[in-house]
Amino acid sequence: MTGLKQILTIIQKDLILEMRSKEIIVSMLVFSLIVVAVFNFIFDPGSEQIRTTAPGILWIAIIFASNLGLSRSFAREHENAHMQGILLCPVDRSLLYIAKVIGNIIFITIVEIISLPVMVVLFDLDLHGVLPLLLLVLFLGTLGFAGVGTLFSTISANTKSREVMLPILLFPVTIPIILAASKSTSYLLAGRDITQIWSWMRILIIFDVIFLVVCFLLYEYVLEE
Amino acid sequence: MIKVRNISKSFASNQALQDVTFQIQKGQFVTLLGANGAGKTTLTRILATLTRPTKGTVQIAGYAIDKDPIAVRRQIGVMSHFSFLYGDLSAEENLHFYGKMYGVQNLQNRIDELLHQVNLHTRRYDLVRTFSRGMQQRLSLARAILHHPDILLLDEPFAGLDVNAHKMLNDLLHNFIAHDSTVLLTTHDIDYAVNNSHRLIIIKDGRVIADDPTASITTDHIKNLLADKSK
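Chains as they are written, first to last, in my numbering: chain A, 1 to 225; chain B, 1001 to 1231.
The hints are all genuine.
Restraint-style ranges between C-beta atoms, simulated for each label pair: (1) B:Gln-1108 / A:Ile-168: 44 to 52 Å; (2) B:Ser-1013 / A:Val-38: 45 to 53 Å; (3) B:Asp-1171 / A:Ala-37: 56 to 64 Å; (4) A:Val-164 / B:Asp-1205: 30 to 38 Å; (5) A:Glu-79 / B:Asp-1019: 32 to 40 Å.
Below, simulated DSSO-like cross-link-like pairs (lysine-lysine); rule was C-alpha separation at most 27 Å, straight line: (6) A:Lys-5 / A:Lys-22; (7) A:Lys-5 / B:Lys-1100; (8) B:Lys-1100 / A:Lys-22.
Keep in mind the hints are simulated off the structure, nothing from the lab. Every residue, glycine too, gets a C-beta built ideally from N, C-alpha and C.
Starting from the given sequences, assemble the full structure and let the hints guide the process.
This is the structure in structure tokens:
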């Protein structure tokens, strides 16, 4: 129960700080909307081309915006040695990981909640009948990306060139998640058979589990000097 | 209360601490003196469970720092030249956050008591980024003692403070010691160390070169010990 309270306390603190500064959400949101808007100018709305490229555009917007948010959220903890303050508390390092992953998922989800409807309108996408599964794919992709991203943003926050270091570390490792999430989304929007969609979703779930377990176990060591 | 046995710490080829051994009894106010880079901060970080020693053992309040770090963290309060406070949270919100993390009972009462003690009760709802350095350090002390720690580890807490803030922080520290708590302080201020602490531990190049009661050591002797003979 103490551990759960500590997790909730960290999440609450991160949300209050973000509500006051708005620096993470705003930068993520602006970036994702710019990506969606730029691609909207390139392709004709409702065309076959847009239907095939929309999943990729959606995940490009989510992943790059998430990268911005992850980088900033940990940079904030290193200002004035806040992270040390938390590490001095009687909290298990792995609980800190869980709290940070949940916090990052919340930030990314907020961006998705706003970006997805904008994309549906601009690209004239038909989500009829696929929305629940699409939301599940978005959640699974976000979970995996935030899980790995939390670990790597903690590593890169200790480096001088953290903004450059994070994508260099993060993107190659998360390729299975990005691939499985964009393929699942693509098959969903193309109206493919559920067995085909499920084959990619299964890969996404498997990588989510593997990455989350590994990152959870490694987090304590990452926080060590 | 604090038992340090043969600890060493190296960062790549740099040997920050070498075979450091000492004990601190309950209620003692011990000052750690040393030049920049002598290993004071590294030692404080090891005692605070932020860094693991490469070699040796440390026990705090009967708990080994490598085996039971969470129990150790409950016993210690740490204050450094960093306040660990969030600028975009108010004084009260900062204490609430840390109080919940430590599981402090009757948190609101404890926060009220501490804010009065550090004379920040009138600024409790103000964001910490609007505070002066002295106010932040006072709040930082409140944060450090929020969970009633038995041991206080202070890493250059007086750095950058004006005379008034220095005096207030010193009074708060002595109040803490009067309640039979243990203090380990690192500082460059030899006069402060001689006038306020019970015992001095002098570190040079990662080694303990003196460990004496304050009454038996003079300021000049300390200066000689700290002086770099190679120059």
